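Engineer: Line by line, the protein sequences give chains F and W. Here my numbering is used: the first residue of the first sequence is 2, the next is one more, and so on. Here my numbering is used: the first residue of the second sequence is 30, the next is one more, and so on.
Don't read these hints as lab results, they were simulated from the structure. No experiment lies behind these values; they were computed from the predicted model shown. Quick reminder that beta carbons are idealized off the backbone N, C-alpha and C, glycines included. This list has only true hints and no planted wrong ones.
Over the 12 Å line for every Cβ pair with chain F, so calculated as not near, a few chain W residues: (1) 74; (2) 110; (3) 114; (4) 115; (5) 118; (6) 121; (7) 122; (8) 133; (9) 138; (10) 143; (11) 148; (12) 155; (13) 251; (14) 252; (15) 255; (16) 256.
Chain F regions said to be covered by chain W (calculated; three or more residues, Cβ under 8 Å): (17) 235 to 248; (18) 298 to 310.
Derived DEER-like restraints, expressed as beta-carbon distance ranges: (19) W:244 with F:172: 50 to 58 Å; (20) W:123 with F:172: 51 to 59 Å; (21) F:170 with W:244: 56 to 64 Å; (22) W:119 with F:125: 27 to 35 Å; (23) F:314 with W:232: 40 to 48 Å; (24) W:77 with F:172: 28 to 36 Å; (25) F:209 with W:180: 37 to 45 Å; (26) W:123 with F:4: 39 to 47 Å; (27) F:283 with W:186: 32 to 40 Å; (28) W:118 with F:51: 37 to 45 Å; (29) F:150 with W:109: 49 to 57 Å; (30) W:77 with F:300: 17 to 25 Å; (31) F:150 with W:37: 54 to 62 Å.
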Amino acid sequence: MSIIQIQSPGLLTTVQDLGREGFGPLGVSPSGAADPLSLRIGNRLVGNPESAAGLEMTLLGGTFLFPQPATIALTGSDFGATLDGAPLAPWNSAEVSPGQTLRLASTRSGARCYLSLHGGIIVNPFLGSASTHLLSGLGGYQGRALRKGDALHVGREITSFRQKTIAARALEQLAPRKVLRVTPGPQSDWFPQSSLRAFYENTYRVAEESNRMGLRLEGHSIARESSGEMITEGVSLGAIQITASGLPIILFVEQQTTGGYPKIANVISADLHSLGQLRPRDEIRFEQISWDAARTLLLEQEQLLASDGLIVG
Amino acid sequence: MPTPPAEAPQFQRASDQSLLIYFGHQITLRAHEHVRRLLGLLELEPIAGVRNLHPAYCSVLVKFDALKLRHDDLEKMLKQYLDRLGTIDLPKPRDVEIPVCYGGQHGPDLMDVSALHKMTAAEIIRLHSSTTYVVYFLGFVPGFAYLGELPPALVTPRLATPRRSVPPGSVGIAGNQTGVYPFATPGGWRLLGRTPVSIFQPQRQELSLLSIGDRVRFTPISPEQFAAMEPQ
Numbered sequence: 002m003s004i005i006q007i008q009s010p011g012l013l014t015t016v017q018d019l020g021r022e023g024f025g026p027l028g029v030s031p032s033g034a035a036d037p038l039s040l041r042i043g044n045r046l047v048g049n050p051e052s053a054a055g056l057e058m059t060l061l062g063g064t065f066l067f068p069q070p071a072t073i074a075l076t077g078s079d080f081g082a083t084l085d086g087a088p089l090a091p092w093n094s095a096e097v098s099p100g101q102t103l104r105l106a107s108t109r110s111g112a113r114c115y116l117s118l119h120g121g122i123i124v125n126p127f128l129g130s131a132s133t134h135l136l137s138g139l140g141g142y143q144g145r146a147l148r149k150g151d152a153l154h155v156g157r158e159i160t161s162f163r164q165k166t167i168a169a170r171a172l173e174q175l176a177p178r179k180v181l182r183v184t185p186g187p188q189s190d191w192f193p194q195s196s197l198r199a200f201y202e203n204t205y206r207v208a209e210e211s212n213r214m215g216l217r218l219e220g221h222s223i224a225r226e227s228s229g230e231m232i233t234e235g236v237s238l239g240a241i242q243i244t245a246s247g248l249p250i251i252l253f254v255e256q257q258t259t260g261g262y263p264k265i266a267n268v269i270s271a272d273l274h275s276l277g278q279l280r281p282r283d284e285i286r287f288e289q290i291s292w293d294a295a296r297t298l299l300l301e302q303e304q305l306l307a308s309d310g311l312i313v314g
Numbered sequence: 030m031p032t033p034p035a036e037a038p039q040f041q042r043a044s045d046q047s048l049l050i051y052f053g054h055q056i057t058l059r060a061h062e063h064v065r066r067l068l069g070l071l072e073l074e075p076i077a078g079v080r081n082l083h084p085a086y087c088s089v090l091v092k093f094d095a096l097k098l099r100h101d102d103l104e105k106m107l108k109q110y111l112d113r114l115g116t117i118d119l120p121k122p123r124d125v126e127i128p129v130c131y132g133g134q135h136g137p138d139l140m141d142v143s144a145l146h147k148m149t150a151a152e153i154i155r156l157h158s159s160t161t162y163v164v165y166f167l168g169f170v171p172g173f174a175y176l177g178e179l180p181p182a183l184v185t186p187r188l189a190t191p192r193r194s195v196p197p198g199s200v201g202i203a204g205n206q207t208g209v210y211p212f213a214t215p216g217g218w219r220l221l222g223r224t225p226v227s228i229f230q231p232q233r234q235e236l237s238l239l240s241i242g243d244r245v246r247f248t249p250i251s252p253e254q255f256a257a258m259e260p261q
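Just chain W, same shape as in the assembly:
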């Protein structure tokens, strides 16, 4: 059998009630656009028996009711959706600014990161806050946006030992990604700063501050500004 072209989506059974669709195996904006389009189409025209969708960088996990659907049937139906990805109009990406107080108690890893890269803390902050990031997807915990990509000079490995609890609003980097922790969760990303803005709020109309496809920029603020903006 000839190998399919790199562009052809691949299917992989993940469990007896879920199916993965891969748009290649690389983090690219092109794969991201396919993910967004498939997600958009499946939200617009839901498939009966599909129970949940887990988008990621270049894949979508589709969870289904195994009493109603089989992997093969679902794969056939999804192929028809994949053929029509070009027909959907994606919402225009929103621009979101997130204020961040870098360093000090709010960014406990800033000094280590600057030492690792042999740059001053100010240079690290300037690099991190002068890039526009794409929300590739929300995952891990409610409202956690995977933002990419970091400037190459900021690419940093995870902490060897993850923290047991990261304060909510902490802004971290890992590999070529950056993100904001919505809740106090365990976490292995290196923390550069913290935002006083609430990332996920059950009382808000828009639960999550960020949506897949949004463009995000971080704006440096002072500890005083942070304190003034922090919710009581």
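For reference, chain F alone in the conformation it holds in the complex:
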């Protein structure tokens, strides 16, 4: 067991893995990495199972001291990382010598950057997962975002280092999108044609108060047809609900498990990782596709992730 010391946590840095599924009946949502594809690839680059826990940084990264040797990788958005002052490119594995300091700055692209370490971050699992659920203060490291002075355990000492990187073509195909593909929501028919058209034709802006629970959008207000009262029901990840004000909220990884607003559409599984890279003030649009197309896109994405050529080195 070795450790990593948090000298500065950055804006919002949490321990995340791929989340805890199966506890909806308790009102517990999965949580997990906001951009799970980046975490999965980061884990592959350092020789971990895809589900190992890493650190999720938001908009502004942290500064980390490594008292012991480590193999690390940064994935997701480029936060201008340096290792003892020398630039460190994302999407590569790197060897860290004892006493070295990894410093991340602010994002140069999307919202989140992941730090994966060989052996993974070790915390007491809650319901089988290391993921932090911030709102309820559960999971992760003491149920909270990291602070200066925290020290986290890392799974194992490294054995032998191998330089690995991701194939450039795969990186291009997995790039986060600003045009989000969606399928109809369970209450799509509560909205008149004019509202549906407005929803798909207009550009929406990600609001400042967006977080891991939900992405609030600003822009064209959506009117609904029936004044019927929704009965609270289970809601899915990526559901786009239209609130009383007519503005959309996309339910995200720390989502409420049930909700009472009508859902106009739902982001497809293959585009969920793109949500994790959206920053406040980013502009997005929605494009409706068929159920079959949504499934094909997910299958293709998973085939790409499973392919031998994904990781090079």
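Once you've looked at the hints, dock chain W against the given chain F.
Structural biologist: Below, chain W alone, put in the same frame as chain F:
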């Protein structure tokens, strides 16, 4: 096509990895029992590829691994479960008492609610604490139980502007529902009081104080009792 009888469950795709099953579109104890039975059966005999279940008043959202299952396959399998709902023995509902300190700093909306209904605060407290409520389901955040139904005289609309943060343990009402906030979360329910009892505890064997189907009663306690019971 003839319309199906009101009793026949309906399926609705919610996303490319989830399917909703509706037992009608009304909050009834009968629909609730169907929800509990389906949940019980799916927990007893899990379907390979089903990843999560979100029960609610008269529906269950089933989340599945879209690489392994398609909506149509899942619907076929679930129909077989629905045919067997009568075969499952539901656990006997537990009776749970929750102590509540009503009014004052713990129940900041009690006076407004009593003004709205033209009743005294004591009458509001008596009504709220003399009813046995059913836990329809847990949802929203970990351990939040949707309790119904309020006595008709207590049915109250939500706050026009939700609070940014409600203290954990706060007991609120909204529409014909009541519930206890397990965590400091945003919330639009009107707060009548607060319980010192912890609603969701990760260190406890039973994480959640309440389970679907439980019967709940609120017992009024004094501010002194509240202070004595409050965890440090």
